[in-house]
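Residue numbers (the UniProt record's numbering), protein chains in the order written: chain A, 1 to 281; chain B, 1 to 281; chain C, 1 to 281; chain D, 1 to 281; chain E, 1 to 281; chain F, 1 to 281.
These are calculated hints, taken from the structure and not from any lab test.
A couple of the hints might just be wrong.
Treat identical chains as interchangeable: a pair holds within one or across any two.
To be verified - Below, simulated DSSO-like cross-link-like pairs (lysine-lysine); rule was C-alpha separation at most 30 Å, straight line:
#1 K88 with K76
#2 K49 with K273
#3 K88 with K49
Protein chains: 6
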Amino acid sequence: MADNYSFEYFTVQFPANHQYVAHVEINRPERLNAFIEVMWENMAQIFNKLSSDPRVRAIVLSGAGERAFTTGLDVKAASEGLLSSDTKTDPARKAVDLRRHITAFQDCVTAVERCEKPVIVALHGFSLGLGIDLSTATDVRLCARDTRFGVKEVDIGLAADVGTLSRLPKVVGNYGWVKEVALTAREFGAEEALRVGFVNAVYDNREATIAAAFKLASLMASKSPVAVQGTKEILNFSRDHSVQDGLRYTSVWNSAALQTQDVSAALLSGLQKRTPTFEKL
Amino acid sequence: MADNYSFEYFTVQFPANHQYVAHVEINRPERLNAFIEVMWENMAQIFNKLSSDPRVRAIVLSGAGERAFTTGLDVKAASEGLLSSDTKTDPARKAVDLRRHITAFQDCVTAVERCEKPVIVALHGFSLGLGIDLSTATDVRLCARDTRFGVKEVDIGLAADVGTLSRLPKVVGNYGWVKEVALTAREFGAEEALRVGFVNAVYDNREATIAAAFKLASLMASKSPVAVQGTKEILNFSRDHSVQDGLRYTSVWNSAALQTQDVSAALLSGLQKRTPTFEKL
Amino acid sequence: MADNYSFEYFTVQFPANHQYVAHVEINRPERLNAFIEVMWENMAQIFNKLSSDPRVRAIVLSGAGERAFTTGLDVKAASEGLLSSDTKTDPARKAVDLRRHITAFQDCVTAVERCEKPVIVALHGFSLGLGIDLSTATDVRLCARDTRFGVKEVDIGLAADVGTLSRLPKVVGNYGWVKEVALTAREFGAEEALRVGFVNAVYDNREATIAAAFKLASLMASKSPVAVQGTKEILNFSRDHSVQDGLRYTSVWNSAALQTQDVSAALLSGLQKRTPTFEKL
Amino acid sequence: MADNYSFEYFTVQFPANHQYVAHVEINRPERLNAFIEVMWENMAQIFNKLSSDPRVRAIVLSGAGERAFTTGLDVKAASEGLLSSDTKTDPARKAVDLRRHITAFQDCVTAVERCEKPVIVALHGFSLGLGIDLSTATDVRLCARDTRFGVKEVDIGLAADVGTLSRLPKVVGNYGWVKEVALTAREFGAEEALRVGFVNAVYDNREATIAAAFKLASLMASKSPVAVQGTKEILNFSRDHSVQDGLRYTSVWNSAALQTQDVSAALLSGLQKRTPTFEKL
Amino acid sequence: MADNYSFEYFTVQFPANHQYVAHVEINRPERLNAFIEVMWENMAQIFNKLSSDPRVRAIVLSGAGERAFTTGLDVKAASEGLLSSDTKTDPARKAVDLRRHITAFQDCVTAVERCEKPVIVALHGFSLGLGIDLSTATDVRLCARDTRFGVKEVDIGLAADVGTLSRLPKVVGNYGWVKEVALTAREFGAEEALRVGFVNAVYDNREATIAAAFKLASLMASKSPVAVQGTKEILNFSRDHSVQDGLRYTSVWNSAALQTQDVSAALLSGLQKRTPTFEKL
Amino acid sequence: MADNYSFEYFTVQFPANHQYVAHVEINRPERLNAFIEVMWENMAQIFNKLSSDPRVRAIVLSGAGERAFTTGLDVKAASEGLLSSDTKTDPARKAVDLRRHITAFQDCVTAVERCEKPVIVALHGFSLGLGIDLSTATDVRLCARDTRFGVKEVDIGLAADVGTLSRLPKVVGNYGWVKEVALTAREFGAEEALRVGFVNAVYDNREATIAAAFKLASLMASKSPVAVQGTKEILNFSRDHSVQDGLRYTSVWNSAALQTQDVSAALLSGLQKRTPTFEKL
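Working from the sequences, and respecting the hints, build out all of it.
See below:
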């Protein structure tokens, strides 16, 4: 089955020692994991597949190579691509092409957020531009001490448009700081990321970060998948709606979810001090 | 009048030395203040009453006994109740029962948020599950150093459904942390709660926390009730709406509220360096 | 051209050593920069003008005099004004006057938020009431160590109504803290403001704060104005909308903005290690 | 059990020849069914009860007596009540009382909309003021040829505040007509109501209207209650949300509802050309 | 005072025989009332002024000359203006200019909607393009039999951008028809406009239409201005919000408005069968 | 190129005599065009492709065979599919499968709405269930005199869940009628559909309806595609947002679109009384 997850620039693994946890790794280290178009399309396919893969209950996302999670969009490839090949001269028609392109790109990043299983990202080294867009679409961000973050888009003359500007202010409760890093493109490090709440914890290096991500993912994967996936969905819904709408959605969601056998399985295991097992989902 | 506030599992008091402050205490310490159905119904009645009781301008909520604010829903009672007694076999019909039940439960917690007077919760010991739901519906959270917090619902196979998942992300500006504690059910302590902004301050023990809550409540109760209650209402409205909608609502609200005699009373007292008194509301 | 920006209670300057940066200073130091009606009208005019002034790419806002950024509304003048002069006795008709007045006032503060260029406020000394409303409408807040902040409105019998209650909870991700300072009117200092994320940084004194604000503004002004202004607009839009709506708005916005020559100018400068210049906007 | 539904000013019946249909009649004909405070409280109790009463799958609402469905609020009683008894002089405090009162009143009308079963109103004679508020909270409006409608509130110096102004523009797709009748208080008849879509059909007289309402209610009551109640809920949710939110809510709702045995019961009955029976809900 | 309302292309009158009614007429008949830039700026000034002018309680809007209400934007003047004079070549910078221009234009049309008094438009002859934008911002539309309507913008290569596409679907409850006329630019006449609910009534000619508009305006102007203006505001708020939000806004609005003396004035006049008079607003 | 559009159950054609118009026909007439799963997946592919196909500026959708546009979901195939094959017994896990399935189905229907080109549906014969869902996702509905419409889902024990309940109330401005037909599943004919605004026009038979659809599509296709596609997008955005949000989105959209050469092409052609040609989009 593993070959279903074969992609040139991504490795997807199901480590035996981490039951129900998938590991997705961006794998273009020679280019510091910079993204070319096929990569974000692949990424969407991977997360769409994992979303309904019953073997998976939590996901770790990381970048291959010691130097970077990702430096973001491969600007060189991008500038040779879309814009240069476009021979249109009518600005309105160019705008249509650009909008379709941006929307397609956004949808790929949103696939990470829409994935029904929790996604924990392990960041290290350069984590710039698209690296921020991507990580704001995950559920939990962990990072290595050497991570260099940056919302770099204004440095190349554009406003970030695949997620950072929409999600970052809802991820980090310090709007002045968001404005500062987005309007100046200045880089920031792991400690600052921890202080403002962008990452949950900082580890010594890439390996330790990935190990911590697996530990956290395994913990989530050991719980009822009905409970965990419902919790992710309701939290994401609530972020974008009023409290009253959030409560209403929750009550409808749980009207089915509470009928699960996981509740009695969990309660019984609790009483018997043993680890519950839950039917696949 | 006090007997209007007589409930088996709650004590409601109006301490003489804290003018305009009511004290609501969950009072089932032998069960660590775990909630059974009658309790959340009572709680709603209490806060609905306090909401329009002119003797009250601020409220302190705490839990009786040294060991727990509350351990949350009384799971044992719950499992003997609704689910077991329900003989329906059609999942759609069970869903209707569950949804009505969740909605009724949510409404009881929302009664705390809808209460027109500020509510300060003094947390200590176990403050789990429903304890989090409840405290996110209050205005200010204070806690004792020994407090053990936890969004425990996934540990019993369900997504929290009476408020935590809708309110916690709007109370704490660290979405990754919210995801982590909600998806893992791991407990956290007072210092972590302070660091992420879940509580405003930490005190040595239960008594000191309640004392601090009273001090804060008394300070709020000493201000114009027109001003304080308007401030709470507008803040809650704004949380769920755009800035532009918030401003529009504010202008309409204050078009009546600014006609209060409290403004001149407050200004005059300020000039005369004396404590203003405000007509009951 | 400078005379277009002549106002009795504001100075507007374009410092030669800070290209593309405008400096707006509240200039009524003898009254601790307290606002009278003409001042907020002037303020709106200034920011509306700066919004489309091609010489300007970032703005520093500060208060003249050592003692205060502003103590807020000039209560004395206000109480001699609107309310006292109003001879209407019908509360509904008074309400209409008050609502129109509040709305007009709100619109002036909103002019700061709507200004298309980033605004960095340098706070010092007393920064009370309207000082908070105003600074929540800017993009980044810096302050001097001596700053005394306070949402003081409840102390004069009213709920803040020109922006604080709508914007502060979206600026600071600690809702309990917002409730506490707004419901008690207690003052807080620079360190607390930093800790909760209300300000981005604290400096030794007024001068150092203004200098830091200029440095930050200059940095923003050195970037592509298409990128910077788009970033501000999209961040503000996203604050008030769902992630999905934010992404959709972004794709439409960038369908025009990405056609800018600034992208190639920025990329080329990057390759050539020189500072890019961008056409005026 | 009928006595559970005993109220002085309402009759609630369960006609034997209309299985699963309840009949609620406003019963104060000597006062043209004008509402006094106890009546709207009773009405809320009735509809809250019917909402979860398994004997009921559809409801007919009508008014007793030949002359009026209702002439609306009993102005005389109202003016002797709240306003006159209120000895408060502070306009802000009066505003609090009024707001609580309006909200309580609105909640009673909203109880009709929130009732999980479809409500068909049979209108006749005077159907003014509150009669419009009430009928916009029902699902289908039928009327007799003699019905006199009117949004009469501006004629007594106030804007309608218990539902008409919020619901009427969403019930009738002719906004100019809504503005006209609400801003002038002019009455309109059955034919005009039919033409603009306010009523679904017009009948010769009160009896024929009620008979038609029963026929329609019986038809709805003969369908799967899971399907009918889900349809009402989703339609009401969708009215207040975007299409995308409506679809999302629908998918969650039906994830439980589609598990009903009613689907196979309905399909089988269809094949066998017989009337299906559905388990109580 | 009349000279305050002096504008080259508009006449504003206060007919003696229509108390409290203002008459605004577009007055460039030699150009079929086509709009040049100064005209929409003037229009905004006029409606902003009328909004708080206590002499005015309702407004009639019409077009001078027999041939047209307005043929819309003066395309010739427009094409000689903004676009041709703009020497910018960067599409992103052009986009900024265009967006500012559109927004300014939209705000002028929105001034008609924001005007606190009801606006009745009397349409005749050519009522194209901007004529539709404008009339959807009014409260009631009446027209002469000869009126030629058309959402003509696609015929000149653009999507209507000053209001029609946002307001028309909320004015007319036939979305397919809106799509058809907006996507084809086909003209339609008075009868079709009446049938789909775009206009409230059709009259024989321009004079009869204006007379009917005055009659309707006078009727609205004879009612309590507190009630009428509140009704307009709440209807417009409700159009853009959920029913629940509409009800909440209404309760706050009326908490001040119900304190008006107009209620007792209206009730008393009703009992005494005489015409009430209301204090100016 | 036509083979790109080869599907077993759909024919897609580009009639030579209707420049820029595509014709999509549901082609399973032996089963009355009832939908099986592969069909709605194909439909999404077709409309996604047409959305960016520069040869296409408007689309006609119809059903093959004389008897039906479509009778909706192929209930027989559906009942043999998903539900029967699902061996899961846990209601919560079944709910997950059902939700994923409904969402995938909804997305296919939404592809019709998202298609950037206008879609005109020509309805005839049986147009039930999914036929209503589908047609509410198009822009304009035309029908033959013999069309039998019906929101039939309650008759098979379920609430319609692929669009009708979310879109129909926004397509037809008669909410009571929507409630009636959705809660009773009663069929209705062409005249009723016309009267309530569900269809724009009625024609003698299938052929005449399709001919009329082509005529309308050709008219739309003859206009500037920048203008037409912008108009569709803005109308759909506005349906789901407040007027203020609609205007803001419009101004950003047109900031790029107004830079099109189509405006001058259209204006010039107008002056020269000839048919404009527009660059492909």
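query = From the Cα coordinates, with 30 Å as the cut-off, is the pair K88 and K49 best called within, between, both, or neither?
reply = Close across copies (20 Å), not inside one copy (36 Å); limit 30 Å.
inquiry  = If the cut is 30 Å between Cα atoms, do K88 and K76 qualify within a copy, between copies, both or neither?
reply    = both (21 Å within a copy, 28 Å between copies)
task = Could you place K49 and K273 in one of the four classes (within, between, both, neither) given a Cα distance threshold of 30 Å?
result = Neither, since 34 Å and 43 Å both go past 30 Å.
Hint 2 alone, counting from the list given before, is not met by this structure.
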